[in-house]
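With the hints as constraints, model all of the structure from the sequences given.
Each chain, written out:
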Amino acid sequence: MSTPTPPPPLVVGPLTRTDFVRYQGASGDMNPLHHDEVFARSAGYDAPLAIGMLNAGLLATYATDWLGPENIRRFRIRFKEQVWPGDTVTCTGTVVKEYEQDGDNYVDVELTCTRQTGGVAVQVWATFIQEAQ
Amino acid sequence: MANAEATGRTGTPYEVAIERGKILEFAAATHSANPAYWQDPNPVIPPTFLTVQMFWAEWAEQLGTGGDPNPWHHVELDQQRGMHAEQEYIFHGPPPRAGTKLTAQSRIGEIYDKQGRKGGTMTFAVMITEFRDETGRLVAEARLTGVETGRVPEETS
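So the sequence lines, in the order shown, correspond to chains F and B. Counting with our numbering, you get residues 1 to 133 for the letters of the first sequence. Counting with our numbering, you get residues 1 to 157 for the letters of the second sequence.
No lab work stands behind these hints: they were computed from the structure. Nothing here was measured: the structure is a model prediction, and the numbers come from that model. Some hints could be false.
[To be verified] Simulated restraints on C-beta separations:
| id | chain 1 | residue 1 | chain 2 | residue 2 | range |
| --- | --- | --- | --- | --- | --- |
| 1 | F | ASP104 | B | LEU138 | 35 to 45 Å |
| 2 | F | GLY119 | B | GLY119 | 15 to 25 Å |
| 3 | B | THR7 | F | PHE39 | 21 to 31 Å |
| 4 | F | PRO8 | B | ASP113 | 35 to 45 Å |
| 5 | F | ARG41 | B | ARG137 | 22 to 32 Å |
| 6 | B | TRP59 | F | THR3 | 41 to 51 Å |
| 7 | B | THR12 | F | TRP84 | 36 to 46 Å |
[Claimed, not checked] Below, computed lysine-lysine pairings styled on DSSO-like, alpha-carbon distance capped at 27 Å:
| id | chain 1 | residue 1 | chain 2 | residue 2 |
| --- | --- | --- | --- | --- |
| 8 | B | LYS22 | B | LYS101 |
| 9 | B | LYS101 | F | LYS80 |
| 10 | B | LYS118 | F | LYS80 |
| 11 | F | LYS80 | F | LYS97 |
[Said to hold, decoys possible] Here chain F is said to cover these stretches of chain B; the calculated rule only asks that three of the stretch's residues, wherever they fall, bring their Cβ under 8 Å from a Cβ of chain F:
| id | stretch |
| --- | --- |
| 12 | 29 to 42 |
| 13 | 46 to 55 |
Where a beta carbon is used, it is the ideal one built from N, C-alpha and C, also for glycine.
Below, the structure written as structure tokens:
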């Protein structure tokens with residue numbers, strides 16, 4: 001079993017309000033903070049903020065291209081910093097640990113979605129089962 | 001303010017049908033071109049796809065299963081100061097594929113306070129959802145952690 005090498009970073013952006021709405025429609029979370037300018041301003045924001053689960057979904061895209069959608073066993077997301085229209089985000093990953101459990105091989109990875117400012121928007125800890133090679 | 005008495009509150013079970021069109025819509029929205037979604041007639045779900053449980057909980061009444069599927073509203077977090085802090089998905093085997101009919105059931109876990117780094121009390125609440133297939137096997141679990149901050153949050157999204 002060789003240690004899987006992370007693919008090149010996934011860069012997405014500049015993110016638009018349309019990206020937010022498309023994700024909201026796909027996911028079913030219609031919180032107006034992410035598309036309604038008036039609502040967002042009344043809540044104290046300058047603009048609708050990106051929906052955190054969109055950035056988490058981009059990390060999932062990066063991770064499944066790397067380790068395979070069928071192999072995911074755990075995906076734990078922490079939302080850290082807000083993302084705004086016009087931001088460009090970069091998804092990267094590193095291997096944390098490889099181990100065997102009940103005869104199967106697993107890999108734990110840490111995934112990071114970073115804004116163009118260097119601020120970490122979303123962090124994920126994921127576990128994938130590894131296919132025999 | 002959050003309602004601490006919501007802990008342990010369990011929603012009624014509701015249907016979550018896994019469908020190819022919805023999977024492709026989700027893959028497109030998350031910028032995935034993976035052939036496991038696009039080239040398979042019965043694609044596997046993306047890792048965060050079960051977030052669509054929100055649709056199905058909302059539709060339970062029209063679908064005739066009715067009841068009170070989403071116990072989250074009993075937590076009563078303020079919508080303008082309420083934020084998503086963490087979300088976790090656990091799969092007990094390969095994730096489900098299009099064509100699978102799951103039954104979801106949600107319950108409220110712990111509700112607790114923490115001091116924020118910039119002052120003020122933050123209230124956290126957890127909701128656990130279990131997804132079972134037609135045979136009753138536990139296929140996946142979702143764990144949502146929400147937070148209500150003392151003012152407009154700057155550190156969570």
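Outcome of the hint check:
1. About 18 Å separates the C-beta atoms of ASP104(F) and LEU138(B), a value inconsistent with the hinted range of 35 to 45 Å.
2. In this structure the hint that GLY119(F) and GLY119(B) lie 15 to 25 Å apart at CB holds, the actual value being about 21 Å.
3. Judged by the Cβ atoms, the range 21 to 31 Å given for THR7(B) and PHE39(F) holds: they are separated by roughly 30 Å.
4. Between PRO8(F) and ASP113(B), the C-beta spacing of about 42 Å keeps the proposed range 35 to 45 Å intact.
5. Judged by the Cβ atoms, the range 22 to 32 Å given for ARG41(F) and ARG137(B) is violated: they are separated by roughly 47 Å.
6. At roughly 44 Å, the beta-carbon separation of TRP59(B) and THR3(F) lies within the given 41 to 51 Å, and the hint holds.
7. For the hinted restraint 36 to 46 Å between THR12(B) and TRP84(F), the CB-CB distance of approximately 38 Å keeps it satisfied.
8. Annotation: proposed proximity of LYS22(B) to LYS101(B) holds, straight-line Cα distance about 14 Å (limit 27 Å).
9. Only pairs whose Cα atoms come within 27 Å are accepted, and LYS101(B) paired with LYS80(F) is rejected, the gap being roughly 34 Å.
10. The suggested pairing of LYS118(B) with LYS80(F) holds, with an alpha-carbon distance near 15 Å, which does not exceed 27 Å.
11. Taking the CA atoms of LYS80(F) and LYS97(F), the gap is near 23 Å; set against the 27 Å cutoff, the hint holds.
12. Residues of the stretch 29 to 42 of chain B with a Cβ under 8 Å from some Cβ of chain F number 7, which satisfies the need for three, so the listed coverage holds.
13. Check on the stretch 46 to 55 of chain B: 8 of its residues sit with their Cβ under 8 Å from a Cβ of chain F, so the three-residue criterion for coverage holds.
Of the numbered hints listed earlier, those contradicted by the structure are 1, 5 and 9.
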